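Engineer: Residue strings, one per chain:
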Amino acid sequence: DGGITQSPKYLFRKEGQNVTLSCEQNLNHDAMYWYRQDPGQGLRLIYYSQIVNDFQKGDIAEGYSVSREKKESFPLTVTSAQKNPTAFYLCASSTTPPGAAMGLGTGELFFGEGSRLTVL
Amino acid sequence: QQPVQSPQAVILREGEDAVINCSSSKALYSVHWYRQKHGEAPVFLMILLKGGEQKGHEKISASFNEKKQQSSLYLTASQLSYSGTYFCGTESKTSYDKVIFGPGTSLSVIP
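From first to last, the protein sequence lines are chains R and D. Counting in the working numbering, the first sequence tops out at residue 313, every number present. Counting in the working numbering, the second sequence tops out at residue 116, every number present.
Hints should not be assumed to be uniformly reliable.
Straight line, CA to CA, 25 Å or less: simulated BS3-like cross-link-like pairs of lysine-lysine [what the hints assert, rightly or not]:
(1) D:Lys103 to R:Lys263
(2) D:Lys31 to R:Lys264
(3) D:Lys55 to D:Lys98
(4) D:Lys31 to R:Lys250
Worth flagging that the hints you see were computed from the coordinates, not collected in a lab. What you are looking at is a predicted structure, and each value in this text was computed from that prediction instead of being measured.
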């Protein structure tokens, strides 16, 4: 079955520690995304990648880092510089939408089940 | 910039209709709609790519007014299963490679 796998589902971190959240997809999608979800604020974009070995900052990239060494994998590291890391983190992948002009744009986002990070 | 959604929350009785609105300050390339149930990942409903486009998904449909940079999601004859938080996501014409989500509209359907 194709899909997106995030791990771990729950993670506890002490202040000052870096943690890495895993995201793997077997949908053969080029684009992958990381969103952060806090109550009442919707989903905010942290980083995204359209192709292997390339990624861009989203709206709230400070305190986070990513890598995209393989098409299937897009891990997110929450560093100690992130001041308020407690949140629900969602990884997604997509391809271009059918009917889009010149193959541009973001198609359906397939989300993983999320990782809930709590800082103690 | 995050799109604006209204209302923030709505409570419906089964069988009633609802409209959720989404507006942006930017010229839009596309509008996405997703529904999220508590503790779960968001689930895709539909994408609207062209101004004036309307799409349907069972009893849920949406429209996209490109000139006004607005989209509306219509839920008719609501069912208990429609409860959840609805998010619109927008791609601007200057940045069509990322979807920016609104804050969400909480919808509760009661018997």
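Engineer: Each of the hints needs a verdict: does it hold here or not?
Structural biologist: For each hint, the structure was consulted:
A distance of roughly 20 Å separates the Cα atoms of Lys103 (chain D) and Lys263 (chain R); the hinted pair therefore holds under the 25 Å criterion. Between Lys31 (chain D) and Lys264 (chain R), the direct Cα distance comes to roughly 31 Å. Violation of the 25 Å bound is thereby established for this hinted pair. This hinted pair checks out: Lys55 (chain D) and Lys98 (chain D) have alpha carbons roughly 12 Å apart, not beyond 25 Å. For a cut-off of 25 Å, the pair hint linking Lys31 (chain D) to Lys250 (chain R) stands: about 19 Å separates their Cα positions.
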